[in-house]
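Got chain R sorted already, so can you dock chain S onto it with the hints?
Residue numbers (our numbering), protein chains in the order written: chain R, 1 to 392; chain S, 393 to 769.
Treat the hints as calculated values from the structure; they're not laboratory data.
Accuracy of the hints is not assured; some may be wrong.
Unchecked claim - Quick list of in silico lysine-lysine cross-link-like pairs, DSSO-like style, CA-CA up to 30 Å: (1) R:K325 x R:K284; (2) R:K180 x R:K238; (3) R:K384 x S:K438; (4) R:K110 x R:K284; (5) S:K740 x R:K325; (6) R:K284 x S:K413; (7) S:K740 x S:K402; (8) R:K180 x S:K413; (9) S:K740 x R:K238; (10) R:K308 x S:K402; (11) R:K310 x S:K740; (12) R:K181 x R:K116; (13) S:K658 x R:K181; (14) R:K200 x R:K220; (15) R:K181 x R:K220; (16) R:K384 x R:K110; (17) R:K180 x R:K116; (18) R:K384 x S:K658; (19) R:K223 x R:K193; (20) R:K181 x R:K223; (21) S:K402 x R:K384.
These numbers were taken from a predicted model, which means no experiment stands behind them.
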Amino acid sequence: MNLTFTEEEEAFRQEVRDWIETAMPADMRERAQGSGGFTPEDSATWHRILYDKGWVAPNWPEEVGGTGWDAARRFIFEEEMELAGAPQLSVFGLTMVGPLIISFGTDEQKKRFLPKILSAEEFWCQGYSEPGAGSDLASLRTTAEDAGDHFIVNGQKTWTSYAQYADWVFCLVRTDPDVKKQAGITFLLIDLKTPGVEVKPMQTLGHTAAFCDTFFENVKVPKENVVGGVNQGWTMAKALLGHERTMLAMIGPCRNVLQKIKRIAATKTVNGRPMLEDPVWRAKIARLEMRFRAHLMVSYRALDDQQKGKMPGPESSILKLVGTKLIQELTELAMEVMGESALTWYNEGVCMPVEESIGPYFCYERAATIYGGSNEIQRNVIAKMILQLPSS
Amino acid sequence: MDFDLNQDQKMLAQTVADFAKNESPVERFRQLRDDDIGYSAAVWQKMGELGWLGVAFPESVGGFGGSFVECALVIENLAATLVPEPYLASVVLGGFALLRAGNAAQHAAYLTPMIEGETTLALAYSEAQSRHDVSAVETTAHVKGDGYALSGRKVWVLNGHHADHLIVSARAPGGVTLFVIPRDAEGVTVTVAKTIDGHKAAFIDFDGVVVDSDARLGDEGSGTAVLERVMDYAAAAAVAEGVGLASTMLHMTVDYLGTREQFGVKVGSFQALQHRAVDMYAETELLRAISMASMLRADEDERSVRVGDISSAKLQLATGGIWVAQQSLQLHGGIGVTDEHDIGLYFKRMYALNALFGDAEHHVARFASDTSFAEAG
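Just chain R, same shape as in the assembly (with noise of 0.2 Å):
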């Protein structure tokens, strides 16, 4: 057992913070140390600078574009681009569709998807949750009915995030309504510019516009866009969702916010002194830092065993469940670090910029429990699957 990066690892880290400190724009920096609030171009603009790098997708094999990191440096990497407070790139095309192209779809849909989601030159946003199919997705109802080389497409899906800046979107539909309900259920790639398609964005609590409903009216969809075969969809969600675990451990983030935490603390004071210099802030600073250390321990176990090529250990299925839940107990802490600036909402100069993010990224935080599958849903799996409890 040893803890430490190699000498080569951290090597790397150097090599990809001089890295980043070169390549982001002077003015994405300052937002990036700032206020940390991006807009969609601004993270499309750095998903071009890493792909101008070659950096974009270092989750992918090297043949189709992958970097050839393995598990060690795709994760020192993540967390220096957190740590920069880089922009996130758009994750539903880099780490969910593409992965799933490449493990189960065609030669054509290879040659024909891979290079335009690493140019950036197609946007891709996610087709699953409808108004009546949240946790129990497998009930969803949208129709893609079978008319020869096409099928047509009818429903509605919704929390369709960022669909409003999307070319495309990866939707579950229901291909056979008469078996079992996760039987009849396909993967489809469909244009957002087929007629028929309709994007309504809605305002998010954090009042972005992250989240859209979108409308099919008799859309037609080429039979070809199909990924792993007719009423195979529920195998393809479920093998989509083992891609998302460590994304959403929510390491980076974590790291993130507790270093806006004590650049708060260290500037707003209180009884006189700064708040860092408080033994009560300091304490209550200091619990979410250590809980964050467990946090980090447990993904790095499951980062050890992705490095050593094993599947990784029942404990990484906890990652989400905990990850999630301390992101927005950090975000609630930057709330009340800020005491009164609390109050602020998207304003200029009254606050400092670094305070101007947090509220609606404490908004945004709120979801962390919700996507993914809910924290609830997970202890559900967790409980069946880990713990071999009765079902009911």
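Okay, now just chain S, sitting in the frame of chain R:
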């Protein structure tokens, strides 16, 4: 980075686990609870013969030259059945204090026999007013002739009721200093105190106890630094034991949920209880992961490196470990609060570990006052 145990460590852990299961089931602890000593000299000797008492000590003193990880593995696996022998008190507290403070002659006289299982040790460091501050020592060591005379009172000395030798902290002219004193020396009065977890400790009065200068471990004033290191070892050991307790309690609880029937179904099919069990699992895994970090860091000389993970680990014991203990009792229902059922014995041991070697507030304050805390901002 590597979280896997090496082959020897795996074998050690397995051997200890087998011993606990086959030769020292909880029933053995129950039988010894009411005994004056509370454990068996024969079993202690056997542990010495098997080499378990010397895993972390250098070969020069009769040990096996391993790291603290081996020590923590023994403790974690003994915890599964509440094996009552004073491993933590004698090996970690007494043994590590002797190793770090003593010279070769003192090691040969006091440490080697303990490693061989012939004797046991106790560390008398805590005083009524000291509350986790090892430098807050009011026991005095006045110079007398060629040696010293010690006076004062030590509290909650683990294994102090039976140890052959006591390592005692006292304030000498040059500052806090450690001494090694036979428990039966003249002027030593031992008052036995029962503890919540079914073990025994001692309150020990020193009334002008005269010792030669060769009873002094190290230079005058060297005691605090040694005790601070030993407290980190002890906290890491408590956490390792907590991992053994928490995972056993989790298993017992999950088994119970899968067996007990009410309303015509297994109670483990109720979602409220399933979710609770999952949260117990999460807290146990957090404790296990940070325990791995803390047992590795215990041997680090740089204080900051130790504080970060060991204090975080002891906090996780105080929060997550205690929570697992509470919930395992709750989910057992009425049977959980009887002495007849084992779950309560684990519960009480977890609270004992929580009270020792720094509580949550102590470790949070320590973490927060470390220089690396503010730098990380």
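Comparing the hints with the structure gives:
For the hint pairing K325 (chain R) with K284 (chain R), the CA-to-CA distance comes to about 16 Å; that is within 30 Å, so the pair holds. Of the pairs offered as hints, the one joining K180 (chain R) and K238 (chain R) holds, with about 16 Å between alpha carbons and a cut-off of 30 Å not exceeded. Between K384 (chain R) and K438 (chain S), the direct Cα distance comes to roughly 42 Å. Violation of the 30 Å bound is thereby established for this hinted pair. A distance of roughly 50 Å separates the Cα atoms of K110 (chain R) and K284 (chain R); the hinted pair therefore is violated under the 30 Å criterion.
Restraint check: the Cα-Cα separation between K740 (chain S) and K325 (chain R) comes to about 29 Å, which is no more than 30 Å; the hinted pair holds. At roughly 41 Å between alpha-carbon atoms, K284 (chain R) and K413 (chain S) are farther apart than 30 Å, so this suggested pair is violated. Only pairs whose Cα atoms come within 30 Å are accepted, and K740 (chain S) paired with K402 (chain S) is accepted, the gap being roughly 29 Å. Distance check on the hinted pair: K180 (chain R) and K413 (chain S) sit about 46 Å apart at the alpha-carbon level, beyond 30 Å; violated.
With a C-alpha separation of about 42 Å, the suggested pair K740 (chain S) and K238 (chain R) falls outside the 30 Å cut-off, and the hint is violated. Taken as a hint, the K308 (chain R) and K402 (chain S) pair is honoured in the structure, with Cα atoms around 18 Å apart against an allowance of 30 Å. As the CA atoms of K310 (chain R) and K740 (chain S) are separated by approximately 38 Å, the hinted pair breaks the 30 Å bound. Among the hinted pairs, K181 (chain R) with K116 (chain R) is inconsistent with the structure: their alpha-carbon atoms are about 33 Å apart, more than 30 Å.
With a CA separation close to 27 Å, the supplied pair K658 (chain S) and K181 (chain R) stays within the 30 Å bound. This hinted pair checks out: K200 (chain R) and K220 (chain R) have alpha carbons roughly 20 Å apart, not beyond 30 Å. Distance restraint check for K181 (chain R) and K220 (chain R): the Cα-Cα separation of roughly 23 Å lies within the 30 Å cut-off, and the hinted pair is therefore satisfied. Under the criterion of a C-alpha separation no larger than 30 Å, the hint pairing K384 (chain R) with K110 (chain R) is inconsistent with the structure, at around 36 Å.
Taking the CA atoms of K180 (chain R) and K116 (chain R), the gap is near 36 Å; set against the 30 Å cutoff, the hint is violated. As the CA atoms of K384 (chain R) and K658 (chain S) are separated by approximately 14 Å, the hinted pair is consistent with the 30 Å bound. Only pairs whose Cα atoms come within 30 Å are accepted, and K223 (chain R) paired with K193 (chain R) is accepted, the gap being roughly 17 Å. Proposed proximity of K181 (chain R) and K223 (chain R) is supported: the alpha carbons are some 21 Å apart, at most 30 Å.
Our distance criterion of 30 Å between C-alpha atoms is met by K402 (chain S) and K384 (chain R), whose separation comes to about 29 Å.
Checked against the numbered hints listed earlier, the structure breaks hints 3, 4, 6, 8, 9, 11, 12, 16, 17; every other hint is satisfied.
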